[in-house]
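Chemist: The primary structure of each chain is shown beneath.
There are 2 protein chains.
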Amino acid sequence: MQISEFRQHAHQLVDWMADYLTNLEQYPVRSTVQPGDIIGQLPASPPATGEAFADIFRDFQQVIMPGMTHWQHPAFYAYFPANSSPPSVLAEMLTATLGAQCMIWQTSPAAAELEERMMHWLAQLCGLPAAWHGVIQDTASTATLCALLTARERWTNHRINEWGFGTEKFAIYGSTETHSSLEKAVKIAGFGRQALRKIAVDQAFALRPDELAAAIQRDIAAGIHPLCVVATVGTTSSTAADPLRAIGAICQQYGAWFHVDAAYGGSAAVLPECRPLFDGLELADSYVFNPHKWMLTNFDCSAYFVRDKAALLRTFEIMPEYLKTATDEQVNNYRDWGVPLGRRFRALKLWFVLRSYGADGIQAHIRRHNRLARYFEQALLADGRFEILAPVNLNLVCFRYAPGHLAEAELEVANAQLMERINHSGQAFLSHTRLRGKYTIRAAFGQPTVEQSHVDQLLGLLREHL
Amino acid sequence: MQISEFRQHAHQLVDWMADYLTNLEQYPVRSTVQPGDIIGQLPASPPATGEAFADIFRDFQQVIMPGMTHWQHPAFYAYFPANSSPPSVLAEMLTATLGAQCMIWQTSPAAAELEERMMHWLAQLCGLPAAWHGVIQDTASTATLCALLTARERWTNHRINEWGFGTEKFAIYGSTETHSSLEKAVKIAGFGRQALRKIAVDQAFALRPDELAAAIQRDIAAGIHPLCVVATVGTTSSTAADPLRAIGAICQQYGAWFHVDAAYGGSAAVLPECRPLFDGLELADSYVFNPHKWMLTNFDCSAYFVRDKAALLRTFEIMPEYLKTATDEQVNNYRDWGVPLGRRFRALKLWFVLRSYGADGIQAHIRRHNRLARYFEQALLADGRFEILAPVNLNLVCFRYAPGHLAEAELEVANAQLMERINHSGQAFLSHTRLRGKYTIRAAFGQPTVEQSHVDQLLGLLREHL
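Taken in sequence, the protein lines are chains A and B.
Each step along the first sequence adds one to the number in the numbering used here, with nothing skipped, and position 427 is 441.
Each step along the second sequence adds one to the number in the numbering used here, with nothing skipped, and position 9 is 23.
Hints are computed from structural coordinates only; laboratory data are not their basis.
Please note that the accuracy of each hint is not assured.
Note that the list lumps identical chains together, so a pair holds whenever it fits in one copy or between two copies.
[To be verified] Below, simulated DSS-like cross-link-like pairs (lysine-lysine); rule was C-alpha separation at most 27 Å, straight line:
no., residue 1, residue 2
1, Lys452, Lys212
2, Lys338, Lys183
3, Lys183, Lys323
4, Lys338, Lys452
5, Lys183, Lys452
6, Lys212, Lys338
7, Lys323, Lys452
Please model the complete structure; the sequences and the hints are all you need to start from.
Modeler: In structure tokens:
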């Protein structure tokens, strides 16, 4: 493809992209295809010779698009959102064109220094300690793995990195509501799933510090070292916030690494009224939140902060001859801050987003979503047939249809069917979880373009499909 | 930013992007900025209110661009290339706009099924066993970690995932030329760096099977289990290829997991004349190569193949309630195939690239680079003042200026200075390594737009800066 052709096709795509964003609501939110529908339309073998772009783009529209679930649709209420925004997409266009591999400073100084500055900006926006050191990771799963590994190496003075596990035993603590990525990280880091203590939660689904302290004391008595506690601000099931200050104090008392996972909830720290959820965060050793979830920035962009930069670097650093450069002592070489070596230029989209919206624009974005969630909650309560299953502290509402005449087993079926009917309609997409054993429908109001009218539509859908 | 504004700005960017690709050669390949130059121009705090896109884009051009090293420049000969291409950039524009999070089938069926089919296409293009199962990972570092973890869990029947390390001892084998990501993965997976055996290489920098067998026998005699052997096709320093068939036979004999890292070299498997480098690959348990290096596809796109899909899934699978869906038994949920949960729609760019170029276009791309490397090698030899330090089997030439009158210590300084002068000129970008203790300049001819005229320019630069 010649550059002149690229220019022409790219202009064509821009019009398609703008039209797509304009017409998003005309698509079914969740794809309606069945397993095998898409792959059955794709030739089993690659073409022997090149094809015209017109044919490729036609197939993108005819074959791929029906198989897309539309994550930017305003009525996407499932899981957590994965925000994009126009300035973020613009930055991704430039990032793809530059095609820079940003593993070390020399391979793109601007990428390394912009990343450093953007982490300063995020820290200020969110009220994080200025002394923390930030880096962009791909996902919170990887960031939590980094935290566990750094904790592991700090406590053993890098003995496991050097010699492997010895006879010491470790415990890692989360709550019964902690994200599954902690269990994955515990396994990857070689502790074994049995080293994970899932501490009980209170009525608001927040980790109980008394239970945590008791578990740690039991472990210590059994000769097991309390290595790391992972607290969450904004759990996946219900956006519960663990009490950071109390947990932090326990971590300090017992010398445990304190990691805070605010993958989703972290963006809300831009709001003064949400800061109480983060009270005690300054006690953390490491912290992760995902601008790619709720801060208008395309996936992947997970912001990981660590207090002890030296411990992080010593955990990951490898210095082969072919990666040595003259500036190694003066700059951040982010390849040593995580698992992968290669890195995209991910700071650019964050810069475009933060400048395009400004601090007040980001705040307005988050605040509007929180308000919509409370509006939805009130409407459900006013209806009288619904039950709210968790406190609404951010923009997620956990609920179920719960008329008095149905037994628990019937409620389970009724709510699963209700959700599936709505999802099948293509007019909204909800997801579910289980809270205290109850089948729970989740509605997260986090789309850049979601308005009160969409919430009213969702309420109408619920009544219609009951 | 309204969609109408987005449309306008995106069209503006497209013209900038096409102009950039047209005028790439006018930029210095390696950025000429000094540490701190960029960050010093970036405000310490984010703006309180949103800024106009014109201002952001102006700063992108004035502040960021001088700090970019131009990875798509035809005279970028450093490291290994990170190919992009016009159809790949077009796909990234669409991926960013859709903003889909492709962690499981339901969250974008087309992404999951296109990924499955693209892995079939790559397997066919590269002559991989049809029964292997492929998945896109971010980098080869992560893929190699996956291989080690799967080997760990398969051998212990998932006991380490469940209970952590016991008293057994493991050894992992690479060569002295194996990429540093193996050492990183060995540490992350909890084996400890001392578990890594760096086996000696032969005159062509390929792992010596006799030394491998001897090391394994020593370990077994010492009660250490030979867990995994990592062979490389296309080492980072010199693109050496380890003898896969002989290594595979040893792995079979001792029950070791056989992982092949062809992160860079793997793209060359599209050429019949390069297939001998991959002889014995069918013996591997897992395999990784990076279309984002040498197959015209934007980073990140690392293709990981595994023979035993069940072992891979059992290693990573976590099934919380909020991720359960009705189709879990029928489809590939790629979140269980690696470390991160969240996933971009990365198959789209591969589809655009493979269809745009076709098999013969991809072959021509690789073949041209290999030919340019041999042309450069011959020119250096004809000059008489240069020494070729490793066999040129792909598109990398390892060389040094070595006139007879200089001692070894002088050669070291002379070559480091020669490389730095050329890199500083901005007219080409080379990197270095060390082969048998000798300071070695590396020139990789892998850019989509590199032509023989560029190689002639590089020869001129070398003569000029001697």
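Chemist: If a hint holds in the structure, say so; if it doesn't, say that too.
Modeler: Hint check:
no.	hint	verdict
1	Lys452 / Lys212	within (19 Å within a copy, 54 Å between copies)
2	Lys338 / Lys183	neither (37 Å within a copy, 32 Å between copies)
3	Lys183 / Lys323	within (25 Å within a copy, 31 Å between copies)
4	Lys338 / Lys452	between (56 Å within a copy, 15 Å between copies)
5	Lys183 / Lys452	neither (35 Å within a copy, 45 Å between copies)
6	Lys212 / Lys338	between (43 Å within a copy, 20 Å between copies)
7	Lys323 / Lys452	neither (43 Å within a copy, 34 Å between copies)
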